[in-house]
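A.B. asks: Top to bottom, those sequences are chains A and B. In terms of this note's numbering, the first sequence opens at residue 1 and continues consecutively. In terms of this note's numbering, the second sequence opens at residue 1001 and continues consecutively.
Hints listed in this document are in silico derivations from the structure and should not be mistaken for laboratory results. We put the beta carbon where it would ideally sit given N, CA and C, even for glycine.
To give an idea of the interface, some chain A residues facing chain B are shown, with a C-beta separation under 10 Å as derived from the structure:
(1) Tyr284
(2) Glu303
(3) Pro305
(4) Ala307
(5) Gly459
(6) Arg508
(7) Arg515
(8) Asp536
(9) Ile570
(10) Ser572
(11) Trp574
(12) Ala589
(13) Gly615
(14) Ser616
Label-pair ranges, simulated between beta-carbon atoms:
(15) Glu1237(B) - Gly368(A): 23 to 31 Å
(16) Gly559(A) - Arg1581(B): 27 to 35 Å
(17) Ile1222(B) - Phe124(A): 28 to 36 Å
(18) Gly368(A) - Gly1226(B): 24 to 32 Å
(19) Asp1571(B) - Glu38(A): 52 to 60 Å
(20) Glu64(A) - Asp1576(B): 55 to 63 Å
Spelled out, the chains give:
There are 2 protein chains.
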Amino acid sequence: MQVVDTSTSPHAKIRSVPIESVKLEDGFWAPRQRILRERTLPTQYMLCEETGRISNFRRASGKEAGSFQGYFFNDSDVYKWIEAAAFSLTVEPDGELRDLVERVVDDVAAAQDEDGYLDTYFAFGRKKERWTNLQEMHELYCHGHMFQAAIALYRSTGARKLLDVACRAADNIVNIFGPGKRQGTPGHPEIEMALVELYRTTGKRAYLETAKALLDNRGRGIVGGGKNLIDHKQFRELEEIVGHSVRSLYLNCGATDIYMETGEEALWGALDRLWISLAEKRIYVTGGAGARYDGEAFGVDFELPNAMAYAETCAAIANVMWNWRMFLATGDAKYVDVLEGAIYNGALSGISLDGKHYFYVNPLGDRGDHRRQEWFPCACCPPNISRLLASLQGYAYGVSEREVWVNLYVQSRLQVKLTKAINIEQRTEYPWQGEVAFVIEPEAEADFGLNMRVPGWCGMVGLELNGKRLETQIGPNRFIALRRTWSAGDVVRLSLYMPVERIESNPRVDASLGRIALRRGPLIYCLEQIDNRDFDVWDLVVPTGAFLETGWEPNLLNGVMVIRGEGLAIDSDWSDRRLYRPIQAGRGARRVKFMAIPYYAWANREPGPMTIWVGSQGAPI
Amino acid sequence: MQVVDTSTSPHAKIRSVPIESVKLEDGFWAPRQRILRERTLPTQYMLCEETGRISNFRRASGKEAGSFQGYFFNDSDVYKWIEAAAFSLTVEPDGELRDLVERVVDDVAAAQDEDGYLDTYFAFGRKKERWTNLQEMHELYCHGHMFQAAIALYRSTGARKLLDVACRAADNIVNIFGPGKRQGTPGHPEIEMALVELYRTTGKRAYLETAKALLDNRGRGIVGGGKNLIDHKQFRELEEIVGHSVRSLYLNCGATDIYMETGEEALWGALDRLWISLAEKRIYVTGGAGARYDGEAFGVDFELPNAMAYAETCAAIANVMWNWRMFLATGDAKYVDVLEGAIYNGALSGISLDGKHYFYVNPLGDRGDHRRQEWFPCACCPPNISRLLASLQGYAYGVSEREVWVNLYVQSRLQVKLTKAINIEQRTEYPWQGEVAFVIEPEAEADFGLNMRVPGWCGMVGLELNGKRLETQIGPNRFIALRRTWSAGDVVRLSLYMPVERIESNPRVDASLGRIALRRGPLIYCLEQIDNRDFDVWDLVVPTGAFLETGWEPNLLNGVMVIRGEGLAIDSDWSDRRLYRPIQAGRGARRVKFMAIPYYAWANREPGPMTIWVGSQGAPI
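In isolation and in its complexed conformation, chain A is listed as follows:
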């Protein structure tokens, strides 16, 4: 099964491969998926029960007494959990989980109205209010998540029950908001991509057309949502990525899905502009998005505060989702760069190593106050990270007519069919090392291209075929294309040079001016106080010439490569609570040894200050 199935999309350059065609055998993601199955999905289910999220369905159908409980969009958390469970079942059959999902689906299905409508908040005497406040109430959003859950479950297990519910609900929406009907658009986008995926699943074109109608209606003053809801302009006229970051990125997902079906150039023009706005001016080095607490929104260009970053987990996930679609549309590696960075950093930081604690907000620096929670009243992030982790192998590869695209490096086995069935084994210790070997096993000799992504962080590449060094030319879209007739046992070795890098940001980013971030491969590093006890991590300066070394720590944070180095700590005492003061005369910089860990792993031990960006400027005068 695919999360986004572009196999029949006329304007998609790349077809995604089924999740189940990729078997993860690595030490980084596979253990996380095991934790997801064993701890995350069960605890999220229990929390959905305990907080009334599942009861709401039973109550709406009369199975259980009581009224609606929680936020009006709580249905969506249950749907995201079902979707994540469906992905997980694809990877690892689990009778118990499957039974659980079926019971939840029964509860969901029973809550559907005869006309197809399904939103439990609008049962309980609120039927008259249905579809009356598209701007604020998340009916279309919740429906969209239901469709995605249904599609995933159908593709994963073949179970049609929820898909039938989804189709009835979608038919109802087509009847109300379809082309030529009532003009509407949701305050919180999501349904657009869901309707396109339902079109891909069922072939019913009205779903696609309704998705397009909802998109076309934005910015026409219909729901009066303004800039935060990306309703201030028509989509095709957007120049900058603005507004609520998750809404904005979900909307872009839907628009990209529509583009892959229609090939409309004006749509692509807007998507291209929005992506440039994001990638050149409004994204965090972690792949996080959304600078502002106010409105959970993108800031203006270069407004990227660190400690005050919002960078919602859902926004990093949405970044993965959108960039995946942009890649499927084009085959351009630049989108996978953003996707990879967001997965390894800004999204993965959203869940603890124990799989049971979450960040909603992912700052790039903290003074020791920001800690993971077991759940949130608005719990969009926890089941969203589950969806992503459970389907992760689906992003590793892509195929086109006669090419296999390797997007992510991860020890795994791929089975795909081009003209012939092909097995590819990928051997690597990525993300800790940049060496990758591919063992090609076609069922018979096969002519196809192996396109291997050269990550944006990688400046030097080595390539060998069956022990012989090859010249590499990295093209503008940064895939190395190796086209030939492959025989069983052919081995390709790719060496991605992976040094520790000092990253600086464009100097227009106030918050990081004169500072650097440490990066190695796709991983952004940070310093936590617990590893650096004799100075405040915010006081560290890493001079340009400082020597940095890496070291594997098998017992730290489930195994991480750390970065160690020597820097200067410029101690400061601000207990006088002054906001500005003369720098202290004679205040010295003292040499310290420091240690940095991957950002995704922070806040898994005792509380304390953390920072990604450290001081760097300066040289002797």
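Add chain B to chain A, keeping to what the hints say.
C.D. replies: Okay, now just chain B, sitting in the frame of chain A:
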């Protein structure tokens, strides 16, 4: 005349002195007041005419045909202009200006309704809408500015016409919103301080009580204004300074005025908390306030971006106004520190050297785009800076029963009466030099204290009395108190050590982390591209040990002390439009000579990048 007359306020520790009792004879402020009289006030009058601001009054009274023109709060700009003109007339009689003011007052007076109401937007068939939208329409705000103009004119020239208009309007407001009447509170505070001042002028207690009622009604859900309008909590429960910065600070002015009349402790408790919140966490090094464009609002603690600072000119002025009142209430020098910093930096930057161009927004760094304008559709700032400059000498001194308080250093002559009439001549080249001499001339021997403020920026002080060195002990409120029996010709010499200082900000301020600002005396310095042509001013690093020297430049920017030094420029080329990238290997720092000018004087020459904060971190490892 005083702007804030605390001579009968039972809970004010300090009485302000009349503007006309201080004669400026300096080279810094006196020339600015001349430019104000000769260019600023005439051009602002003409712009008020050209934009219909004065016509609105004539139209409302039927003197002229036509409908309301411009923003609904445009009356207030005319009032601020009258107020500024009144201050100016106090300092320098000018028959032409006085005639002009009288004509404008005639137009204003004619527009008043029989019941006392006066807001020209709500003439023109909008009478029914009066007082129906206190949250958004600025009726109370405009009335407040009218009262302040009337008081200033009355105190300055004795003219009662506008004062009578004001009293009729205030009586109308007392009848509608006074204690026991309709509960209301303005979306934009201003009227509170105006009503208290009208009480001080007329002795009519109902004005004070109505001011208090309007304050008490905040945060009770009456106008539903929320946090941006500081209507989310009752005033006495506020913990942090939040919301629209000008509204917030104007509200604090009113609350402080009420406190000085009532002595209510709960009110003081809130004011004290708000001041700490401002001074320790939410003010710019320029004395500017309001970090955010969105809502023109304060940010959260330490949210103080530089290039994206909002720091509206009006907010810096409001900072002066509020801190002046806090000082009058307490005699604590810490408030004058903020006042002085705001005057010399964040407020003064709001007007060009030619007196005809203005900033609405005062960023602390810029890439060359931000330029002064001749006027704004929302023109609150230009006449506000006029009010401040025209009354500036009124802030220089204060008196209490047997003490003269010297708040600001400026070459001037003061005439006050304590038990006896006293003349004090202050000789200084402040703000360019820290040497100050006071020549005391009482009419007869007089016993009083001369309290001289030791500015917060000053760490070392010398004091001489009639040529003899005195021991100085700087008390916790940082006034040197010299109490004795003074004879004619006594000379006090105060030396405020005024080196160039490198200022750092609390490291929680992301935007300035690892950077320094140059300060000398009360002046914050900045670098403009025009003075530093061979490197980008944003690329400058000033190492800790770098030598800095000052130099007087009589022909530059009307005469300024510049700071010169040697630093490092770490050149960067970001034309690749990347947001993040590895620092360039071998990229060197090169020695450069730099020159900094006072921040207030920037953007008076050709456009180009400017920055207050420059790099500082780093030392050899």
